[in-house]
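Colleague: Chain B is already provided as a structure; the job is to place chain G on it using the hints.
In order, the protein sequences belong to chains B and G.
Residue numbers for the first sequence follow the numbering used here, so the first one is 357 and each next one is one higher.
Residue numbers for the second sequence follow the numbering used here, so the first one is 243 and each next one is one higher.
Among the hints, a few may not be true.
[To be verified] Computed from the model, here is a short list of chain B residues facing chain G with C-beta under 7 Å:
hint, residue
1, PRO375
2, CYS398
3, ALA426
4, VAL536
5, CYS537
Calculated from the structure, these hints are not laboratory results.
Fair warning: this is a prediction, and the values are worked out from it, not measured in the lab.
Positions of the beta carbon are idealized from the N, C-alpha and C atoms, including for glycine.
Single-letter residue listing:
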Amino acid sequence: MEDLNWIYTENVKDHFINPRNVLEDLDSYDHDGYGKTGNVKCGDEMLFVIKVDSEKQIITDCKWKTYGCASAIATTSKLSELVIGLSLEKAYKISPKEIVKELGGLPENKIHCSVMGDKALKAAIEDYYRRNNMEDKIKKEETRIICECMNVSEHEIENAVLEGARNYLRVQELTKAGTVCGECKDEVIKVMNKYLRLHFNYPL
Amino acid sequence: MEKRQIYLDYNATTPLHPEVKKEIIEKMDVFGNPSSMHSYGRTARENVETARNTIASFIGATPKEIIFVGSGSEANNSVLSLLTCQLKKCNVRGFAKPRIITTSIEHPCILETCECLSVSAIDAEYLKTDEFGKININELEEKLADKPLLVSIMMANNEIGTIQDIKKFAEITHEKGAFFHTDAVQAVGKIPVDVNELGVDFLTLSAHKIYGPKGIGALYVKTGTPFCPLIRGGHQERDRRAGTENTLGIVGFAKAVEMRKIEMEEETERLLKLKTVLKEGIKTNIPDIRFIGHPTESIPGTLNVSFMGVEGEAIMLHLDLAGIAVSTGSACSSGSLGPSHVILATGISEEFANGSIRISMGRETTPEDIEYTIDSFARIIPKLRKISSRY
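One chain only, chain B, in its complex shape (with noise of 0.2 Å):
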């Protein structure tokens, strides 16, 4: 009965259980690419290591390690199936919305765990590209201020919107963006609804 109650998808309690490719020892593990991102005060924390065949670009094997809750282990471990026979290109842009759809789902206030997953990989993958010389395949983040009273970025708005903000004034409470001045507040919402879309296939 207690399997029937389970919040998460057979598939991530099966990953959550028996977890594929984690790190044993990072000193052993001989890679070419190391990524590590999270933020240990939300709970979660994740180490990412890639080996590439040099001459394929293709990523041969990947180990990772994981602090965090249930759906964070489970991302992280369905990635490392996912990336294992990949060409960098392909990997470097895997979505988190792949990732989920690959654990048949997780529930909405746990996406960010599968961000921080494909975030980890992606850092893997750059680091893999500077220690070769290849810094042109890095693909600048953007970091667009959005508020310029609050100095809030686009990025802080997408972490809002992955944190639950659903509406204008929670994005607002969450980030202080549009706070001051006001001027921001079509470009904050236009914002907050592109990442609803992109994370949560909101119909907006």
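Modeller: Here is chain G on its own, set in the frame of chain B:
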């Protein structure tokens, strides 16, 4: 080891005591409105008033000082909200913007109400705690100079179990002419609570934390203390709480209290022993842990422990798969952005707070349960640490 089903979340809620269940079933057909004058009403009224006597005498109050409410949260909301009443007949005092002193470790029903009322109706100040979750009396004394109208401090904390020195706090509060409220939801029925001994003006209690039914609580209001109802528009509860009485809830509440009277002392001794075993078992089997809360001044069945390098929700869900029900103060499960405000208030780092697990035992907890729980921790924690980037 054979899988068991073990409930270790008694601070969240408790199963009905078999005697309570029996009593409620027996009274199931008492349907009359206690406010009606006919025989149906009178029967219901008699049940309600007998229950009121039982509960009042359990905490040393008179029956007239007990108001039945829908929950502990409602009782707490009532106390805070009544401060803002300007009506003459309520006699609150009519301060334009009364000040209230409370603590940073209260239940959200106090903290969020304070936050809401602070927008325009009250000024709220929050006392800090030491590393054990104890409120410092000197800080309260200092803040009392600001002439608050009310001081509200919980008697025992739901997350870490720490018990406060309510008697002393009430005493110095009264010296400065303010009212004193204590949320004793986690204390009543677990440790001795006597309103006269404590000297409080308001005290909150709840049935479902002590093997009674959900949806019924009570507020003690000392005779002569001003009052303004939160739910208005009816003469029930001597004009202090409108709405037809929850007769069955009230009857169950009283039965639960009656059973506490009989069982509390023995159970306390038993739970303290189990807690020692649990604590020692965890300590011996798992390195890099930290117990949160006061080592001795704590409610008997509650133990809060944090495991370095692992996140609480992951622990909780692994325990759930092993058949053990506990709760966690981690950010992931709190529904808010950060880990438990109570644990952070004790000065513990966010990382440690995110790895905290609350084990709360009760009358059905056995030594075998605790043994199984220790074994489960010893199996799960290393497993999670092995895959953790923080250990």
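Colleague: Compare the structure with each hint and give your call.
Modeller: Hints, one by one, checked against the model:
1. PRO375: Given a least distance of 6 Å, the restraint on B:PRO375 holds.
2. CYS398: Constraint on B:CYS398 satisfied, holds at 5 Å.
3. ALA426: Cβ of B:ALA426 sits 5 Å from chain G, so the hint holds.
4. VAL536: At about 19 Å, which exceeds the 7 Å cut-off, the nearest Cβ of chain G leaves the hint on B:VAL536 violated.
5. CYS537: Where the cut-off is 7 Å and the nearest Cβ of chain G is about 22 Å from B:CYS537, the hint is violated.
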